[in-house]
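Peer 1: Using the working numbering, you'd call the opening residue of the sequence shown number -4 and step up by one each time.
Accuracy of the hints is not assured; some may be wrong.
[What the hints assert, rightly or not] With a straight-line Cα cutoff of 25 Å, these simulated SDA-like cross-link-like pairs (lysine to any residue) come out:
{"no.": "1", "residue 1": "K39", "residue 2": "T59"}
{"no.": "2", "residue 1": "K39", "residue 2": "Q19"}
{"no.": "3", "residue 1": "K39", "residue 2": "T(-3)"}
{"no.": "4", "residue 1": "K39", "residue 2": "P11"}
{"no.": "5", "residue 1": "K39", "residue 2": "G80"}
{"no.": "6", "residue 1": "K39", "residue 2": "P25"}
Simulated from the structure, these hints should not be mistaken for laboratory data.
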Amino acid sequence: MTVHRVAVLALDGVTPLDLAIPAQIFTARPETRYEMTLCALDAKVATTAGFALVADGGLEQVRTADTVVVPGFEPLLPLPDAVLGALAEARDRGRRVVSICTGAFALAAAGVLNGLHATTHWRHVDELERGFPAVTVDRDVLYVDEGDVLTSAGVCCGIDLCLHIVRRDLGAEVANEIARGLVAAPHRDGGQAQFVPAPVAVAGEASLSATREWALHRLDEALTLRVLARHAGLSQRTFMRRFGEETGTTPLRWLLGARLGRARELLESTDRSVDQVARDCGLGTAANLRLHFRRALDTTPTAYRRAFTRSASRGPARPPADPRSDRERPPRR
-4 MTVHRVAVLA LDGVTPLDLA IPAQIFTARP ETRYEMTLCA LDAKVATTAG FALVADGGLE
56 QVRTADTVVV PGFEPLLPLP DAVLGALAEA RDRGRRVVSI CTGAFALAAA GVLNGLHATT
116 HWRHVDELER GFPAVTVDRD VLYVDEGDVL TSAGVCCGID LCLHIVRRDL GAEVANEIAR
176 GLVAAPHRDG GQAQFVPAPV AVAGEASLSA TREWALHRLD EALTLRVLAR HAGLSQRTFM
236 RRFGEETGTT PLRWLLGARL GRARELLEST DRSVDQVARD CGLGTAANLR LHFRRALDTT
296 PTAYRRAFTR SASRGPARPP ADPRSDRERP PRR
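Start from the sequences, fold in the hints, and give me the full structure.
Peer 2: Written out as structure tokens, the structure reads:
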């Protein structure tokens, strides 16, 4: 399996949780063969939590990496010219460049985001928009995929983005396995709202996670809004409101994403026909499955199977020459 080098660039004032996300997800595993190196301008890096980190690599490893990830940091600007130059060079050489949270400010300062859509922590979207008018800031998404340049919103959205990258590289089965190890949601659509009004259940109200888990084991059944609300013991209106408060999306949109994720796993790991996969994931017909694959992934089930049944032997893929040919673009807000 081809080694795919990931450089996680820790800037002075790095946020430890932002840094831990790519370090954990891109650590070497038998099924991925990512090779992750913690890099910095200087060997010792201060964090926002008051302790320091020691980096194994420098900017040379950033320049030679296949993927460069910049976690969030504070204060945001200015940054050393050497750092900006290394990020710009990585972009110019066609490498994949990624930011988590306020790491987007480093990419923007290096010119990497010019002419592209991007996002950052919701507290800083106004600042990013004012400071970098050449960047189109998507304010209410978890992450933005522009092919070989990807940005995420605040902190834990970095988990969604990094798992999305693994899914692009190696398919849904590997990404879901890593997610299970992290006890994280295997897939959240990048177009979901990054700021959820009530991210945890309030006193006296139980989470709907049990209903979502129940539904995941019955994706091949007719799961209407009425069925889901009845399982939760709520009226449809209350269920819709609570579901949006907990997940930032609608029940039916969540269900479609879960069914597409299941379809991807079945295409990767079984030899079932496209018709059978469509039935097993709850999308009914092969034509319906093809329609949603084309809308969400800009590919067909057959092409997806052909690509990702080979991925286990070839290792993580580099970004395609045409970034529109192999990506899930979150809907614009």
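Peer 1: Work down the list of hints and note, for each, if the structure agrees.
Peer 2: Status of the hints after comparison with the structure:
The straight-line distance between the Cα atoms of K39 and T59 is roughly 21 Å, inside the 25 Å bound, and the hint therefore holds. Between K39 and Q19, the direct Cα distance comes to roughly 20 Å. Compliance with the 25 Å bound is thereby established for this hinted pair. The straight-line distance between the Cα atoms of K39 and T(-3) is roughly 31 Å, outside the 25 Å bound, and the hint therefore fails. As the CA atoms of K39 and P11 are separated by approximately 14 Å, the hinted pair is consistent with the 25 Å bound.
A hinted pair counts as satisfied when its Cα atoms are at most 25 Å apart, and K39 with G80 qualifies at roughly 20 Å. Straight-line distance between C-alpha atoms of K39 and P25 comes to about 30 Å, which puts the hinted pair past the 25 Å bound.
Taken one by one, the earlier hints fail for this structure at numbers 3, 6, listed in ascending order.
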